[in-house]
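S.K.: Listed below are the residues making up each chain.
Protein chains: 2
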Amino acid sequence: MNKLLFDYNFASEERLPGGISRKALKICGDKAGEGLKKLRDMAEKGLVGFPDLVNQDLSSIKKLASEVRGRFDDLIVAGIGGSALGIEAVVNALLPYGYNALGKDLRGGFPRIWVADNTDPSKISGILEHCSPESTFTVVISKSGSTVETAANFSVIFEWLKNGVKDISGHIAVITDPEKGNLRAFANDNGLPVFDIAPSVGGRFSVLSPVGLLPAALMGVDIDKLLKGAADVTAGGYDKILTACAVYIYFMEKGRSINVLMPYSSRLEKFAEWFCQLWGESLGKKNTYSGKTVRFGTTPLRTVGAIDQHSQIQLFREGPLDKTVTFIGVKSHSAEKTIKGAFHKGFSYLEGVGLGELLNSELKATEAALLTSGVPSVRMDVDVIDEYSLGQLFMFFQYIVPVIGLSADINPFDQPGVEEAKEYAYGMMDRKGFEAKKSQFEEIYKKSDDFVL
Amino acid sequence: MNKLLFDYNFASEERLPGGISRKALKICGDKAGEGLKKLRDMAEKGLVGFPDLVNQDLSSIKKLASEVRGRFDDLIVAGIGGSALGIEAVVNALLPYGYNALGKDLRGGFPRIWVADNTDPSKISGILEHCSPESTFTVVISKSGSTVETAANFSVIFEWLKNGVKDISGHIAVITDPEKGNLRAFANDNGLPVFDIAPSVGGRFSVLSPVGLLPAALMGVDIDKLLKGAADVTAGGYDKILTACAVYIYFMEKGRSINVLMPYSSRLEKFAEWFCQLWGESLGKKNTYSGKTVRFGTTPLRTVGAIDQHSQIQLFREGPLDKTVTFIGVKSHSAEKTIKGAFHKGFSYLEGVGLGELLNSELKATEAALLTSGVPSVRMDVDVIDEYSLGQLFMFFQYIVPVIGLSADINPFDQPGVEEAKEYAYGMMDRKGFEAKKSQFEEIYKKSDDFVL
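Going line by line, the protein sequences match chains A and B.
Just so we're on the same page, this note's numbering is the position in the first sequence counted from 1, plus 57.
Just so we're on the same page, this note's numbering is the position in the second sequence counted from 1, plus 57.
Hints listed in this document are in silico derivations from the structure and should not be mistaken for laboratory results.
Predicted, not measured: the structure shown is a model, and the values here were computed from it.
A portion of the hints provided could be inaccurate.
Remember, identical chains collapse to one label, so a pair may be satisfied in a single copy or spanning two.
As the list claims (entries may be wrong) - Pairs of lysine-lysine, DSBU-like flavour, derived with a Cα cap of 30 Å:
| id | residue 1 | residue 2 |
| --- | --- | --- |
| 1 | Lys489 | Lys219 |
| 2 | Lys343 | Lys311 |
| 3 | Lys161 | Lys219 |
| 4 | Lys219 | Lys237 |
| 5 | Lys343 | Lys282 |
| 6 | Lys219 | Lys80 |
| 7 | Lys311 | Lys349 |
| 8 | Lys94 | Lys503 |
| 9 | Lys102 | Lys119 |
| 10 | Lys489 | Lys388 |
| 11 | Lys223 | Lys311 |
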């Protein structure tokens, strides 16, 4: 099996002034150990479900995937946040570039895929213009069953579907809470296939649940291999996870307030966005479990190498020293392209070089350039990008993030700060029960023309 | 003409504890005024060229666009950083969603567009698999004419093209320095159409030069209207620019180290990435003009509303109070979709609501929720997203950023911090003249297995 490597040479005191010493590594590692112990306790008690997803029964997912295979030209996934970012990461990593522009034959009979996340009408109208109701399958995903953006988008999609097909059954699958919520009721009322998100699996930890796996299976992704990669992350123990946590904890405590993820692969761009939700929403917490106000957290920043060498590296090297960088390297790039002849003699130094080889040289060059500027970096390496390594990356970070949070006594599994905006929006839409929120909003949202130019 | 509004109600002391007072606005406005004076002096002396781009002669761009119109199925733009992000922003904002998946008839005879930025072989191979040489037009862009990623990608594209067509002329246009560089020489040697990037127009300020305008014109974008919007930003004077700068300067000085751009539109996602280069690379500077070490700059963060309400808002509200947020609102969303009937009675409050209307309610709700958490925000509003408003947004931020930099006595137009990584990479590829850099790199890039798990 391919190994996921975690390399912290350029974050260590031996290489970086102000880097982590062996003593600090031990201290921070002990903190991480306490966090891991809490996490494992919660998992054993059934309070935290993501670790056990590697053991789930995939038969109903595979059954549906096999039933619909070849029958649809388009798959719409209606979901937002944790119900969208995971499948987007899977698609970006595992399907060919510009997949939706390929003809059906080049797609191997699998559908195109459209993620209806934002309630931007240009996006939803755009998606529906690409599709025809009779050849479109829709997966609608909301853990609570009440996510307003998903409800709004799916209402539009559902009406479009009803007007275009005789029988909607066979065109929709639902992923939601096992019992509660309007989406569950809708699925039951209409006899639709429905898949559970266990209450113990939070949205941002759900990519390896049906939320990510059903759409992935519908696109022909090997979901067994995805789970195998995820399972193998902890198969050999937790040392690597604890070391990574220790390094992150150390630099967080040192006040490095921005955590940059910089994969050197365009196929991991969306993975970096998935990571940003996981890190930001899990760790950005005002209070500890015991009620102390801490305003914990650091800000995740998504970049892509080598692109952001031409955008953000100037700032990282010369601006405030407030960042740590996590590189992801890919040892062997698929479809490697070797430069046979340069188009001009000024570039003869490029002859015989592979594009992926160049990319990996740039990664090393950037690691070195950050080191000389005093910016700590760590590096994770995968052998290739495939289902297995993607499963590894998902699970590795799913462990890292809550262990860091629990070690600092904050709850990495809630998101109390997102409620207020939701409730104001409900108020504005005159939803029953939100009259007080509406008044409260109107009281707050007063603007003076003095401050508008 | 549609107005671009700048609203700083929720950053003002009258609404936000710790917000900007009228007195502070005056003080910071004076600083901005000094920065603007320097900028205008530099522009008058011909040292800074972006303001004058609104007066450029577009005839050669339009001539080429009209010559190639209808002749090609695919347009490849080979460029990275400032030579890619601008056209990506234009495409994202102005072309239909999933444009490359549309058939030729629905594209109005215009080509698909592929931006070959990263030297990720899966991306470049992927792009070439979509295209055929005889029906592909390539625009290759490098200001210096020596950008390694662009040279590498274009070498691969050029070889593919040579092997597929009898005569490469008519298939390539070049955008580069008016005199210097290998790319200029290549264009001259091959008699290719070539467009200038004036030495006074830096890469990240080049979207309104041929760098953005030629590919835009090839895609049928109204480039006159884009420039008209840009020109109108300063047509009525500089008050709005100075006020915006004053607000940003105030919160930078207060230590707010992260500047979030949050457009409530999926069509401005790539605009936000363009903004991140402009802000980060211009302002992230170690030294002032006079040589004082300041490590100036704040970190730009690209988000999209309402998507990031489900990803980053938890952190923004409850995590460290180190952010300011700049919203961009769109008053009227094109292709508005009204929800006629909800798919379940639990969502009846959504009936009669438009998706764009919902999006705008969520924007207001999020503004209010940030205000109650003590996070300053400003808001820019455009009436619609079109060429005109996009031109406004480009030009507005192109003024804001250097004015802030110059007011702090840093050089917003250079990028000394990106050289080192480039030179190490050249060394690794055994490029002549970089032998010393190679040795230096090898000395630095030593890793111990002790720090790899």
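S.K.: Reference check for the pair lysine 219 and lysine 80, CA-CA at most 30 Å: within, between, both, or neither?
M.R.: This pair counts as neither: shortest intra-copy Cα distance 64 Å, inter-copy 60 Å.
S.K.: Reference check for the pair lysine 219 and lysine 237, CA-CA at most 30 Å: within, between, both, or neither?
M.R.: within (25 Å within a copy, 61 Å between copies)
S.K.: Quick one: lysine 489 to lysine 388, C-alpha cut-off 30 Å, is that within a copy, between copies, both, or neither?
M.R.: Between copies, since 26 Å is at most 30 Å while 55 Å is not.
S.K.: Is the C-alpha distance from lysine 343 to lysine 282 at most 30 Å within one copy, between copies, in both cases, or in neither?
M.R.: neither (38 Å within a copy, 47 Å between copies)
S.K.: For the identical chains here, do lysine 489 and lysine 219 meet the 30 Å Cα criterion within one copy, between copies, both, or neither?
M.R.: For lysine 489 and lysine 219, only the intra-copy Cα distance (27 Å) is at most 30 Å; the inter-copy one is 66 Å.
S.K.: Using 30 Å as the alpha-carbon threshold, which applies to lysine 223 and lysine 311: within, between, both, or neither?
M.R.: neither (62 Å within a copy, 61 Å between copies)
S.K.: For lysine 94 vs lysine 503, is the C-alpha pair at or below 30 Å within one copy, between two copies, both, or neither?
M.R.: For lysine 94 and lysine 503, the Cα distance exceeds 30 Å both inside one copy (48 Å) and across copies (35 Å).
S.K.: State whether the alpha carbon distance between lysine 102 and lysine 119 is at most 30 Å within one copy, between copies, both, or neither.
M.R.: within (29 Å within a copy, 68 Å between copies)
S.K.: If the cut is 30 Å between Cα atoms, do lysine 343 and lysine 311 qualify within a copy, between copies, both or neither?
M.R.: Cα proximity of lysine 343 and lysine 311: in one copy and across copies (19 Å, 21 Å).
S.K.: Between the shortest in-copy and the shortest cross-copy C-alpha distance, which are at most 30 Å for lysine 161 and lysine 219: within, between, both, or neither?
M.R.: Classified as both: same-chain Cα gap 25 Å, cross-chain 29 Å, threshold 30 Å.
S.K.: Under a CA distance limit of 30 Å, which applies to lysine 311 and lysine 349: within one copy, between copies, both, or neither?
M.R.: Both. Shortest intra-copy (20 Å) and inter-copy (25 Å) distances satisfy the 30 Å Cα cut-off.
Against the hints set out earlier in the document, violations occur for numbers 5, 6, 8, 11.
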